[in-house]
Amino acid sequence: MPGVAALLPAAQFPAAPLPAVPIARLRMYPRSPGRFGREPQDLRAVDSAEGVQALLGPGPLLGVGHRSRDRRMGAGSMHRPKPFASVRGLFVWHIGPIVNWISYVWTLSAGVCLTLAVIHLVIWLRRRSATANLLFALAALGAALNAFVEMWMLKTTTVSGYADTLRASFVPIAILVVSMVWYVRNYFGVGRRPLAVAVTACWALVLAVDAFAPHSPVFSEISGLQVTWTPWGERLAVVRGAISPWHNVIHLANIALFVFVADAAISLWRRGGRRQAAWMAAGIAAVFLVAVLQDQLLDVGFERIPYMMTFVYLVMVAALGYPLTASVVREMEMARRLQASEAELRESQKRAIRAAAAAERAEERFRLVVEGASSAMVMVDPEGRITLVNARTEAVFGYPREELIGVPIETLIPGGLRSEEPGRPDAQSAGLGAGAPGAHQEQPGRRKNGEEVPLDVGLTPIRSSEGVFTLASILDITERKRSELELARQRDEMAHLSRAAILGELSGSLAHELNQPLSAILSNAQAAQRFMARDPSNLEEVREILKDIVEQDKLAGEVIRRLRLLLTKGEVNLQTLDLSEVILDVAKLVRNDLAHQGVTMSTDLAPDLPPVRGDRVQVQQVLLNLVMNGCDAMADVESSQRLLAVRAGKNGGGLVQVSVADRGCGISPEEFPRLFEPFFTTKSKGLGLGLAVCRSIVEAHEGRLWAENDPGGGATFHFTLPAAGEAA
Amino acid sequence: MTVPARETVYVVDDEPAVVKSLYRLLSSEGFLVETFASPAEFLERVDPVASGCAVLDLAMPRLDGLALQKALSARGSELPILFVTGRGDIPKSVEAMKMGAVDFLTKPVDGEKLLGAVRRALEMDRARRGTRAEVAEIRRRLSTLTPREREVLEGVVAGRLNKQIAGDLGAALKTVKIHRGRMMEKMGAGSVAELVRQADRAGIRKA
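These protein sequence lines are chains U and L, in that order.
Residues 1 to 728, numbered by the working numbering, are exactly what the first sequence covers, in order.
Residues 1 to 207, numbered by the working numbering, are exactly what the second sequence covers, in order.
Rather than coming from a laboratory, the hints here were simulated on the basis of the structure.
Even for Gly, the Cβ is constructed at its ideal location relative to N, Cα and C.
Any given hint could be a false lead.
[What the hints assert, rightly or not] Some but not every residue of chain L turned toward chain U, in silico, with C-beta under 7 Å:
1. Glu-15
2. Ala-17
3. Ser-21
4. Leu-22
5. Leu-25
6. Ser-28
7. Ala-59
8. Gly-86
9. Lys-107
10. Pro-108
11. Val-109
12. Gly-111
[Claimed, not checked] The following label-pair restraints were derived from C-beta to C-beta distances:
13. U/Arg-543 / L/Ser-143: 55 to 63 Å
14. L/Lys-113 / U/Gly-713: 44 to 52 Å
15. U/Gly-557 / L/Glu-134: 48 to 56 Å
16. U/Ser-507 / L/Arg-120: 28 to 36 Å
Chain L extracted, bound-state conformation (with noise of 0.2 Å):
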């Protein structure tokens, strides 16, 4: 698994002009920009867990962006997408925003739209890309906690007191007490309320 160092723009078109004019526009902005002239070249070289976004256009010949869009996401790509495209073709646009699509420019794309549509996409894919990263810090953190602790964190989630639980599990309070400190402290939770908002992101809270 090999994570570029940054995010990357791909852009795919299969008008070599614009690709080019792209690709400045986007690298005068900074960003790192991979451009491809057929979506077929960009299915095959690219990272389906690479970072950034991409930008498409949608009428290309053989395979449009449309089902470039549906094959980036059978190969479980999340990268998001933007679609630009010649035409207002609104039956074609709408099926693309239902597939998740970012944005959809229609050409000529002004510079400040397009940038600003990319660094939105970038940001999602930032934050998607963050999200995940604490889900798996929690789910390992969680790894680490004995069953007893495990049972421990579920019931303060749920909001029972220290008392109750001892009940519950049939322990002593003081049994309790020692399992909630560690727990505590292998999920670095300074307060119950950062770990119901933990448990909330492994999805572990029960209703």
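Just chain U, with the same shape it has in the complex (with noise of 0.2 Å):
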């Protein structure tokens, strides 16, 4: 039973070994029989530490554990790896740790002391010039020490072995508490040097008194091991003795430890390190009420306790320890930061190095495909300034690249790089910004022996970190404007050649015209020259005569001039056109040749006519065109059905519509779809281009040229040309 204690007999001290200790009357009971060799019922008492193991068999004998209460599957199940026997009240481990209570705590509390020390000497080892860490490994290592002293010590059981393990305890005590105000010193820069000396010198003599006293600093003199136990039911040697004058050297030691532990952790606390001062102080404050406490315990008499400073330096070294190992796990994640960030970095580095390598690339292909382009192209800085060509370029201007570098831009292009945007008048200095990226205009431009080019310039504005260059877009237009010029030229010529078509039908007709005043001068004239004959010459006559002469010769002028305008080659000649006028004109023309074919053609003109804008001999041809086209048209018809209307009147939209009707017999629906196709008639003389002209002249003026049957008959031509007002 707990609490039956045997004062060992005062020995001999030291070589009178203990006796063997009776440790508990014992009920036992094997698991299974056979391995003690035993019945279930035959139950013993053992008394000793020999019994046991002779009840048991060989085998190292390391602990013996005692329960208080009756429990079949105790530490047995906790300890599946050698549960070496299951016994009721008692159970018996063969091998492995000590594991009694003092057995795991202090055990535990050297191996936690032990780790930090190798941790903090790994980290000296690693890095020399942290002498904090190994001053703080050096006090770890003390405190483990101390713990593993402590344990030996409770656990003698010889008043010799008591004494030898005090003795050593003194050797890791004063490594610990050393190291520690070194390192306190150290680490955290407070503490009075002068405390620290005092501290190390105090143990230094301890030490010294520990190596050459009899039995230790502590005892002058042993006067027997106590063994006793634990209110828990631990066994624990105390010993027993007189206390050694020495013993006030300790005093000393941790008086002068206690001053400069609290000097140090004011200092913190006035620093501003107050949860490290709040760890020392407390650190301080466990060694003391461990120590005074113990020292009480002791003094009246309530013994029962173990020297238990592995606890107290535990707590001592985790509370200094704290903050240098914080800082050493900061440092990790510091340093695993910072690995993180540098490889976050090479990677950024290597990610520029790409971007860079892909950038160059890149202008690579772009300066290939510049290079490449079929068009000149030419780039040109905020400045205006060029700074990249392709040898289009150079071919389009004459120039070699190296003249063009830094050149203005003018020097190609005398205009200078324009955005049709109005109210933008210089693009250039406005960076081009809402320009139409590839907007199109033409603009002359100068080649190295200063001839002129016309030019296509394309602009796209590039924005780069130094400003809006614009990259121009150049092609020599030389050819699509001759073959432009080509065209219009081939074009007026078609025209002419249809009026000259018109005109040659018309010729007996205009003969006829032009015949009538002629024919009228030569009679009028000869008829003067008679009465001037006469004799009274009738003078009176001859002046009316030459009057009418006059006369007529201005009208057959005039059909000379409408004839050589239809016959004119010039240029297309747009003004403005009183279009009342063009028909009158037309029909005067026509006159004579409609007398002929017997066709009465009647004109209907809205007085409020505006004027219209175009080429005053083209519309006359469309007019002309349609108008012989409806007399065609009524060849085959009755004489005084031959009626041709012509009117002409607004039409909404500001435009103004002619249309030419006829009662012949209309189009067919075969002819229809191609009427206004080039080369299609469906006269046996006609060339077939008159209505294809006529089409191709008014949409020239933005005009409509269309055709459709009449219900009572034959087809009117409609034609629609714009106001004057409305196009300017």
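Dock chain to chain to rebuild the complex, using the hints, since each chain is given by itself in its own frame.
This is the structure we're talking about:
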């Protein structure tokens, strides 16, 4: 039973071995038959370790435990690897660690301290400048050693063994305290040097005493070893003897340590390291609390507690080592972060290199594209200077590229690069900002030899960090211009031919038209001669005749003028035209022809007819064509029905509409779709160009030409022209 | 029947200036000229038996020269017609000549040519009108003859001798001579040759 304690008889110290200690009266029964070779009922009292040994057979007996309550499967189930026996009230381990309460806790403490020591030792080994780590490692090592020594002490069964252990125990404590003091100074930068030196000196003295004193600095004489049991049933040994006067050196060292640490904590507190100071103060408080408590307990004779400085030191090591360990952890964390950020940096460097390479490749490709472009490409910087040209540029302008780089763009395009946008006269300075990319316009350029060259310039703004560059894509449109001119020339030629064809058809009628005044003139003149020859000459009559001659001559001149107008091969001359006048002119031209064909033409011209914008000759040509087509269409109609109506009036939308209606047989459905095709004709002599030319003329005037059949027979051709007011 | 005292030149042209100049030209020669601005007007106002000639424009609206020519002859007019044209329209001119056009002139017309043509036309007209008057006189004279005298005339014109005529008629030679004398006096013929010519004109001579 716990509490049953045997005070060892005072033996001769140190030689006499301690007698075997009766442990307990134990009731035990084996778990399985044959294990112990006994029947289950065979209960036996074992009262010594030897007895247990004898009962269990050979093997090292390391520890004996005691259970206060009956439990079938107690620790055995917790220690599956080697449950030697499951004994009611007693359990025994044949091998394995000392696993009683003290064994656990002291070992654990020692382990913790040892771990810390190793960690910081490794840190110091890797970084020799980290003296704080070395000092802390030493302190932790001291604490760990102390734990072992203390445990050993508690487990001692002989007085001499105890004394040896006690002596040994001062070495770790000295290491611990001295290292701790210097650690505090080194790491926290607080604590007074004299105090630290004092602590060190005290402990040096203690160690010296320890080494040379008969027993230890504590006891001058050991009376015996008291084996006692803790209230929770642990066996422990405590030595008894006379206290040595050297004991005071230890007290002195402790006081110096206390003052040093208190001073350091205060300094820390003042410096703002409140948490560290609190930890330090806690450590100190723990040391003193326990030390004072133990002293008191021992003094009052409550002696059944072991030395528990281990915990105190553990707390101290933990308290003082926390910041260092935390800083190590922090450092590790920072190192990790640093590594991560380094990795990131490396990655981003790689990326940057890759991007740079890609940019270089892209630029290379851009250069290749520009170089290989079929049009001349010129890059212009925000100041209007050329920064890049391609081979085509050299070919178009005749400059080698070395002569172009850095030169103002006006060298090539005297007008500069202009955006088409109104209100932005100088897009160059405006950075071409809102200019539609790819907007093209025609501009003259200048070659090296001074020759002017028509260009089509497309501008694309390119935004970069250096401002807005302009990429001009330039096409030499000399060929295009030439072909455009050629085309226009051909069109004019065609129109002229068509007019000439009309005049050919009209020639008889035109001859008649000219003949009328000419013949009147001739007759008048000859009559005048006769009147003059008379005696007396009829001068009055002659005067009248001369007046008529002049008039007729003017008429003839008018006919010739109209003819010449129609035959002119000049350029298209857009002017403001009075359509009524044009229509009446045409009517005069064809009057005789119509009379000859028995066609009566009526004109219905709106009085408010607005002027139109157009080329007189071409509009006349269209009218002539339509009128003559109308006449031809009525060739087979009875002459009284050969009526041709020309109407002109306003059509909505700023247009003037002219309609020419005949009373012919109309347009057949087969002819209708091909009406305006070139070389389509229903006439035996026609070229089939008239209507095609008419349509192209009207469309060039931004008008429309179309035909429709009238319900009452016949066809009407309409065309529209924009009124001059709208066009302007 | 009102026959104009003088022969008239009728000018038809749709061109007033031309009409006017022709009027001047023709009147400067002393012709009596009447002008018409359109064929219709001319048809309406002209006397079918008028003497003189017509100068027509071939190309006129509605009713051209040829149509006018046809319309005139349909009315029994025998006016000689001169065509004036602005264009050398050969088929039309051929047709016009076939239908009895006197001349075909192209504009501008030379004054002398025109006057000459007009003069010739007038002569033709005059001649035509002269022939017609002579025949009418012969016919009138013939109508004054007795049947016996007419029979004698036919015999004389046929070239038979008095004796043969007396035999044909079963009359005495003397009687035939008296009839012949009266007949010659009535016919105003001084000789047999003249009588024969008159008979030829009147179309009574028998082959």
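Hint check:
The closest approach between the C-beta of L/Glu-15 and any C-beta of chain U is roughly 5 Å, which is under the 7 Å cut-off, so the hint is satisfied. Nearest Cβ of chain U to the Cβ of L/Ala-17: about 4 Å, under the 7 Å cut. The hint holds. For L/Ser-21, the interface hint holds, since its Cβ comes within 7 Å of a Cβ in chain U; the closest pair sits about 4 Å apart. Against a cut-off of 7 Å between C-beta atoms, the interface hint on L/Leu-22 holds, since the closest Cβ of chain U lies about 5 Å away.
About 4 Å separates the beta-carbon of L/Leu-25 from the nearest beta-carbon of chain U, less than 7 Å, and the hint is met. Hint status for L/Ser-28 relative to chain U: holds, with the closest Cβ pair at about 4 Å, below 7 Å. This hint holds: L/Ala-59 has a C-beta 6 Å from the nearest C-beta of chain U, less than the 7 Å allowed. Evaluation of the L/Gly-86 hint against chain U yields a held restraint, the C-beta minimum of about 4 Å falling below 7 Å.
About 4 Å separates the beta-carbon of L/Lys-107 from the nearest beta-carbon of chain U, less than 7 Å, and the hint is met. Hint on L/Pro-108 holds. Least Cβ distance to chain U is approximately 4 Å, under the 7 Å limit. Among the interface hints, the one on L/Val-109 holds; its C-beta lies about 6 Å from the nearest C-beta in chain U, closer than the 7 Å criterion. Taking 7 Å as the C-beta contact cut-off toward chain U, the hint placing L/Gly-111 at the interface holds, the least distance being around 3 Å.
Range check, U/Arg-543 to L/Ser-143: about 58 Å between beta-carbon atoms, so the 55 to 63 Å window is met. Here the CB-CB span from L/Lys-113 to U/Gly-713 is close to 47 Å, well matched to the stated 44 to 52 Å. At roughly 54 Å, the beta carbons of U/Gly-557 and L/Glu-134 sit within the given window of 48 to 56 Å. In this structure the supplied range 28 to 36 Å holds for U/Ser-507 paired with L/Arg-120, their Cβ-Cβ distance being about 32 Å.
Checked against the numbered hints above, the structure violates none of them.
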